[in-house]
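Colleague: Below, each chain spelled out in residue letters.
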Amino acid sequence: MQTAYQFPDAQGHFGQYGGVFVSETLIPALDELRDAYSKAQNDPSFIAEFQYDLKHYVGRPSPVYHAKRWSGLLGGAQIYLKREDLNHTGAHKINNCIGQAILARRMGKPRVIAETGAGQHGVATATIAARYGLECVVYMGSEDVKRQAANVYRMKLLGATVVPVESGSKTLKDALNEAMRDWVTNVANTFYIIGTVAGPHPYPMMVRDFQSVIGDECKVQLPEMIGRQPDAVIACVGGGSNAMGIFYPYINTSNVRLIGVEAAGHGIESGKHSASLTAGRPGVLHGNRTYLLQDENGQIIETHSISAGLDYPGVGPEHAWLKDSGRAEYVTVTDDEALGAFHDLCRIEGIIPALESSHALAYAARLAPSLDKNKALLVNLSGRGDKDMHTVAEKSGLVF
Amino acid sequence: MSRIQETFARLMSEQRKALVPFITAGDPDGDSTLPLLRALVAGGADIIEIGVPFSDPMADGPTIQRASERALAKGMTLPRVLSIAKEFRSENSQTPLVLMGYANPVEAYGRERFAKDAKSSGIDGILTVDYPPEECGEFAEILKRVGLDPIFLLAPTSTERRFSQVASLGSGYIYYVSLKGVTGAGNLDLDEVTSRIPSIRAKVGMPVAVGFGIRDGSSAARIASVADAVVIGSRIIEEIENSPNDQAVGRVQALVQGIRSAMDAGQQS
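One line per chain: the protein sequences are A and B, in this order. Reading the first sequence from the start, the letters are residues 1091 to 1490 in this note's numbering. Reading the second sequence from the start, the letters are residues 16 to 284 in this note's numbering.
So that you can see chain A by itself, here it is in the shape it has in the complex (with noise of 0.2 Å):
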């Protein structure tokens, strides 16, 4: 029988990674947040509003969906598909955002503030800042403000205001710098609600534990479909968050492989990617330690992926964590191998995919003709693709 799995410990850690490494300034802050999700855990009035809005607001469950034609065609393993696409907003990441934005009205915050890179944790927090009348900033890198002009207006529309940032290399790193600036400046009023399973502890925790619902209704809805669980479970991990959701409820599983998927970008070889668990080195940043993509001066380069969820330096401890004591496995995949997935899957299946989400059906693509037809993987498909429309419409030779 193994150990039941129990991380992070009090201070945040994970193994070596993890921590509280910010300014002093900001620790006062982080204890209350602790304080307060502590308290929150446990209080069955917090859970039932949690789990009102995921359901009647998010529309949760999510489905399980059989991609049978696509598993016919490659030949081999049954793929399944957890169909957070399908959520309000069209991706995973309003699961974490109702949790923190419920926690920031317990605590007698009005205003949120957000990071985001390609806008999709942007349009979350917008859109519950909104549901919750709270008032709302969200930080975008100035590039991605350029890039993502649809998801601006969108955050524009649900209330917010959006402040593109100048400083370092103009995208997700330096919004995530910005918005841990305005914190410290206005923490008395002021809930940061980060997006991804990083930043200082308690975070990494706490959009762990929010993101779980996702691998908690495939651990009952798989059973329910094949009888058991499946036997390897695939996620996409840029800083980790949808492929935690899905792989927590999993970790004491230990007969269900655990696989994430980086961006490889233009490849390994290229050094224009952003797989900082395949060929990073441990280091401190942004709060917390993990796998960096760094110099060999300790300064943070500049990544690429095609999708810009991916697009990040970092990624969360916990995930370093898994690498580390091998109980998940990382795996990276090119931008022309998750547009290919892209494009399978809306041509055979009718679903348009994230390119996010397209590094894991990729793999899942890779590795299912070699297993045998009665394996079943089963994919976080964690956001729907209309985002990218413009992106692949370029790579396509279109500009509309």
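Everything labelled a hint here was simulated from the structure, so no lab data went into it. From the three backbone atoms N, C-alpha and C, an ideal C-beta is built for every residue, glycine too. Some clues are possibly wrong.
Below, a sample of chain A positions facing chain B; criterion: calculated Cβ distance under 7 Å [unchecked claim]:
1) Ile-1117
2) Gly-1165
3) Asn-1267
4) Met-1270
5) Ala-1369
6) Val-1374
7) Ile-1390
8) His-1394
With a straight-line cut-off of 27 Å between C-alpha atoms, the simulated DSS-like cross-links for lysine-lysine are [to be verified]:
9) B/Lys-134 / B/Lys-159
10) B/Lys-134 / A/Lys-1260
11) A/Lys-1309 / A/Lys-1145
12) B/Lys-101 / B/Lys-131
13) A/Lys-1145 / A/Lys-1246
14) B/Lys-89 / A/Lys-1362
Place chain B on chain A using the hints.
Modeller: Just chain B now, kept in the frame of chain A:
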């Protein structure tokens, strides 16, 4: 006694307060840093904080962010900062140097090796912004073992429990962040700061330096009337930023001299 402790002891006997300017190494370029350090001493600096540039300076406002970006664009690295410090130390044995920066460049360099090399380069204290006491126990021990002072931050929001944590881990001085927010922010509440310093000093049992938001001689003098040291960073970086390269050194010296005079006059009155 460390060079930092000696400095505070000497200043106390002279009934003066320490002026602690901050510059980012490599801003505007690597060749300017040593002349700027000399200018800070000539202007009346008692201790100098040298910023080690980092790609993601989360706790800094726009001014110091830009200084970091300029320095990195010109190729400044932690090994180069150490070699500049060594050169400075070969000509100045009195003025303590404190390296201020973020954890990742130190981790990439290797913590043990960093401590050893910093010490042999003539560095006296280390302030790592994103190593709060809860993540710094081991590193503080490494620093102390080679004779470096681990410097910690305290903030207006810090609790009583943190005062004792910092008192047991830190040495040299405590850096009290005088306002909420990032470096270079405005709205410094002088009354709030001055009322808190005596009790902080009593609790931590070491000199208290105050920084964040101090921009001129009069605010420096007000702070100096209660604190042991006054840290000035963003205002100096702005002077460097706004000067033609060949005039930056002279202007920085004049700025520091002006603040020094205001502080010393304040002490006598």
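Colleague: Decide, hint by hint, whether the structure agrees.
Modeller: Going down the list of hints, with the structure as the test:
1. Using the Cβ-Cβ criterion of 7 Å, the hint placing A/Ile-1117 at the interface with chain B is satisfied: the shortest such distance is roughly 6 Å.
2. A hinted interface residue such as A/Gly-1165 counts as satisfied when its beta carbon comes closer than 7 Å to some beta carbon of chain B; here the least separation is about 46 Å, so the hint is violated.
3. A hinted interface residue such as A/Asn-1267 counts as satisfied when its beta carbon comes closer than 7 Å to some beta carbon of chain B; here the least separation is about 5 Å, so the hint holds.
4. Nearest Cβ of chain B to the Cβ of A/Met-1270: about 5 Å, under the 7 Å cut. The hint holds.
5. With a least beta-carbon distance of about 15 Å to chain B, the hint placing A/Ala-1369 at the interface is violated under the 7 Å criterion.
6. For A/Val-1374, the suggested interface contact is upheld, since its CB lies about 4 Å from the closest CB of chain B, less than 7 Å.
7. For A/Ile-1390, the interface hint holds, the least distance from its beta-carbon to any beta-carbon of chain B being 4 Å, beneath 7 Å.
8. For A/His-1394, the suggested interface contact is broken, since its CB lies about 16 Å from the closest CB of chain B, more than 7 Å.
9. Taking the CA atoms of B/Lys-134 and B/Lys-159, the gap is about 10 Å. The hint holds against a cut of 27 Å.
10. The suggested pairing of B/Lys-134 with A/Lys-1260 is violated, with an alpha-carbon distance near 36 Å, which exceeds 27 Å.
11. Using a Cα cut-off of 27 Å, the hinted pair A/Lys-1309 and A/Lys-1145 holds, with the two alpha carbons roughly 18 Å apart.
12. A threshold of 27 Å between alpha carbons decides the hint, and for B/Lys-101 with B/Lys-131 the separation of about 13 Å falls inside it, so the pair holds.
13. About 26 Å separates the Cα atoms of A/Lys-1145 and A/Lys-1246, which keeps this hinted pair within 27 Å; it holds.
14. The hinted pair formed by B/Lys-89 and A/Lys-1362 meets the criterion: a straight-line CA distance of about 23 Å does not exceed 27 Å.
In terms of the numbered hints stated before, the structure departs from hints 2, 5, 8 and 10, listed from lowest to highest.
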